[in-house]
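Novice: Turn these sequences into a full structure, and let the hints guide you.
Each chain, letter by letter, is given below.
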Amino acid sequence: MSDDLLKIDNLTVQFRGDAGWITAVDDVSLTLREGETLGIVGESGSGKSVTALSILRLHTAATTRHPTGRILYAGKDMLALTARQLRAVRGREIAMIFQDPMSSLNPVLTISDQISETLRLHQGLDAAASRQRAVELLELVRIPDAKRRVDEYPHRLSGGMRQRVMIAIAIACRPRLLIADEPTTALDVTIQAQILDLLRELQSSLGMSVILISHDMGVIAEFARRVVVMYAGRVVETAPVKDLFRQPVHPYTEGLLAAIPKLDVDVTRLPTIRGSIPDPAQAIQGCRYGPRCPVVLKQCLVEAPALLPAGPARFARCPPRVTPRVAPRVGAP
Amino acid sequence: MWRGVIYRLLQAIPVVVIFAVLVFMLLQLLPGDPAVAIAGSEATPEAIDRIRTQLGLDRPLLEQLLSWFNRLAHGDFGKSLILNQSVVSAVVERLPVTLSLAFLSLMITLPAGISLGVLAAYWRNTWLDSFVMVTALLGVSMPSFWLGILSVILFSVTLGWLPPAGYVPITQGLWPWFSALIQPAVVLALFQIGFLARITRSAMLDVLDQDFIRTARAKGVDEWHTITKHAFRNTLIPVVTVTGIIISLLIGGSVVVEQVFALPGIGRLIVQGILARDYPLVQGTMLIFGFSFVMINVLVDIVYMLVDPRVRFG
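Top to bottom, those sequences are chains A and B.
According to the working numbering, the stretch in the first sequence is residues 1 to 333, in order.
According to the working numbering, the stretch in the second sequence is residues 334 to 647, in order.
Hint data in this document are derived by calculation from the structure and do not stem from the laboratory.
Heads up, a few of these hints could be off.
What the hints assert, rightly or not - Pairwise CB distance ranges, derived in the manner of DEER restraints:
hint, chain 1, residue 1, chain 2, residue 2, range
1, A, Ile22, B, Gly493, 55 to 61 Å
2, B, Glu556, A, Pro240, 37 to 43 Å
3, B, Met334, A, Arg200, 39 to 45 Å
4, A, Arg200, B, Glu556, 33 to 39 Å
5, A, Trp21, B, Ala498, 33 to 39 Å
6, B, His558, A, Gly207, 29 to 35 Å
C-beta: ideal position from N, C-alpha, C; glycine also.
Specialist: Here it is as structure tokens:
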């Protein structure tokens with residue numbers, strides 16, 4: 001499709017471990033249209049951040065390989081770009097913000113230095129112009145007293161302020177795609193909401209596409225239009241956000257949703273998914289969720305189910321059943 | 334910033350005072366009577382008494398200590414027993430030699446050690462990394478007197494490119510000064526390069542794994558600027574610390590190297606003083622060494638403030 005801004009086809013990411021190559025992401029495909037907001041959700045180790053970092057090729061090249069797959073951004077295969085072409089995309093067309101604002105900013109450079117750097121690199125601004133623009137950007141991400149703050153060092157700012165600075169750096173060159181890797185995970189709940197509001201506002205005013213990665217179903221529900229659920233390096237379900245919350249198809253998605261605390265129900269213990277995510281170094285026969293799945297079928301343990309259509313605009317890696325297995329949920333957004 | 338500098342200078346004062354007391358105690362703590370040792374086994378009791386009075390050893394300890402500090406405060410470090418000149422003038426005469434040697438050696442050590450360390454860290458686990466680390470280990474393992482002798486055999490005796498020994502003041506021309514010092518400076522530097530390269534490498538490895546390096550790459554910064562602008566400045570704290578230690582080691586290490594290359598510096602002076610039991614001379618030179626080590630550490634603290642805003646404002 002021509003209006004796909006980003007198209008990942010059959011991406012596999014492997015890292016070199018002590019005993020050979022370990023597959024962190026296995027045969028992942030996803031698409032993102034211009035202006036769309038895609039949420040990628042999954043627990044730690046599901047491969048969601050690895051997938052995101054692969055888009056800008058931020059993994060250490062010497063210990064990473066991609067046996068299969070393409071990452072097409074605006075028609076360019078990111079995995080085939082030269083270093084120079086890649087740098088022209090990084091920070092200018094695709095920008096990224098990270099989980100931990102405490103460690104993502106360079107402690108020995110001022111805020112001004114760190115914002116101007118992108119502007120000077122990609123827009124050729126001189127020192128005075130880029131500093132002026134840095135102040136404007138800080139005002140745009142609503143940092144009070146921006147004129148004074150711009151000359152501060154990161155250690156003088158709070159976590160929420162630092163994440164705002166990270167966002168200012170990311171939007172400095174008006175990228176077409178913003179990848180936000182767990183942008184609110186390290187922040188207080190009240191600050192989380194502010195940061196999400198800010199991202200949403202910037203997205204509509206700048207017309208960016210956004211990929212939001214989170215393990216938090218609440219954040220996903222609030223922010224994303226379409227959701228990709230990942231488990232153990234694979235996509236297990238993809239659906240529009242409303243459909244996903246109303247009627248999850250994959251038992252893993254169902255388990256994640258069941259684990260969200262509900263305000264109207266008084267429970268002492270939240271439901272959990274028993275077991276833990278499999279070790280990526282170990283081969284699993286059949287469905288990767290099989291050992292934890294409450295409704296596992298015999299055939300699932302022999303051969304992994306394929307990602308099949310499961311309704312309008314949605315796919316799931318779970319075999320179709322004779323009767324609808326999952327009852328419609330109440331209390332979906 | 335200035336408050337920090339003044340605070341650190343004030344902190345140095347008690348250290349210097351305590352060190353001066355220790356150096357003073359040297360004479361008291363040595364086994365036997367220094368006066369007897371100085372006078373020699375053939376000396377008459379009158380001669381020993383004279384030396385004892387001359388050194389002030391017949392007075393009470395506290396009085397000796399106070400007069401020691403009084404003299405130090407007036408810049409009087411005593412008179413050498415063997416050189417027939419004051420300790421201060423003996424030291425001042427030889428200081429340029431040791432400082433020239435240390436300076437030249439440092440100018441070799443810093444660029445070589447830092448760049449080798451950075452290269453090894455950037456290309457970690459490759460042949461380049463192994464090569465640098467093995468070379469660094471060799472440099473650290475080889476004793477400098479042995480290396481010095483081998484170097485003289487090759488460059489002075491066999492090839493005849495450089496003078497084997499001696500010192501030429503810089504006032505007699507840059508090249509004669511340089512050619513006299515380059516051999517000992519390199520020998521002295523080899524150990525330090527290995528040391529510095531290892532520290533720089535591990536500091537760099539730590540920094541390269543930090544999130545802000547990934548941020549820099551995600552912004553489109555090229556590898557050269559990622560290393561020089563983003564990573565290197567963050568490695569400076571450990572590198573500056575080690576540089577301070579290295580300067581101290583260079584001055585201390587000159588004791589051996591000055592001996593091998595017959596350079597009339599402080600190191601040789603101290604050896605001379607010890608061999609001749611010239612106590613005032615040993616005390617004076619040790620005080621100079623101690624004082625410069627304290628000052629180097631104060632400088633290191635000040636440089637911390639320059640390179641890291643967290644130290645500056647913290």
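Novice: Hint by hint, say whether it matches the structure.
Specialist: Here is how each hint holds up against the structure:
Distance hint check for Ile22 of chain A and Gly493 of chain B: the Cβ-Cβ separation is about 60 Å, which falls inside the suggested range of 55 to 61 Å. Range check, Glu556 of chain B to Pro240 of chain A: about 41 Å between beta-carbon atoms, so the 37 to 43 Å window is met. At about 42 Å, the beta-carbon gap between Met334 of chain B and Arg200 of chain A stays in the expected band of 39 to 45 Å. One distance hint, 33 to 39 Å for the beta-carbon pair Arg200 of chain A and Glu556 of chain B, holds here, with the actual separation near 35 Å.
The hint said 33 to 39 Å for the Cβ distance between Trp21 of chain A and Ala498 of chain B, and at roughly 59 Å that hint is violated. The hinted range of 29 to 35 Å is satisfied by His558 of chain B and Gly207 of chain A, whose Cβ atoms lie roughly 30 Å apart.
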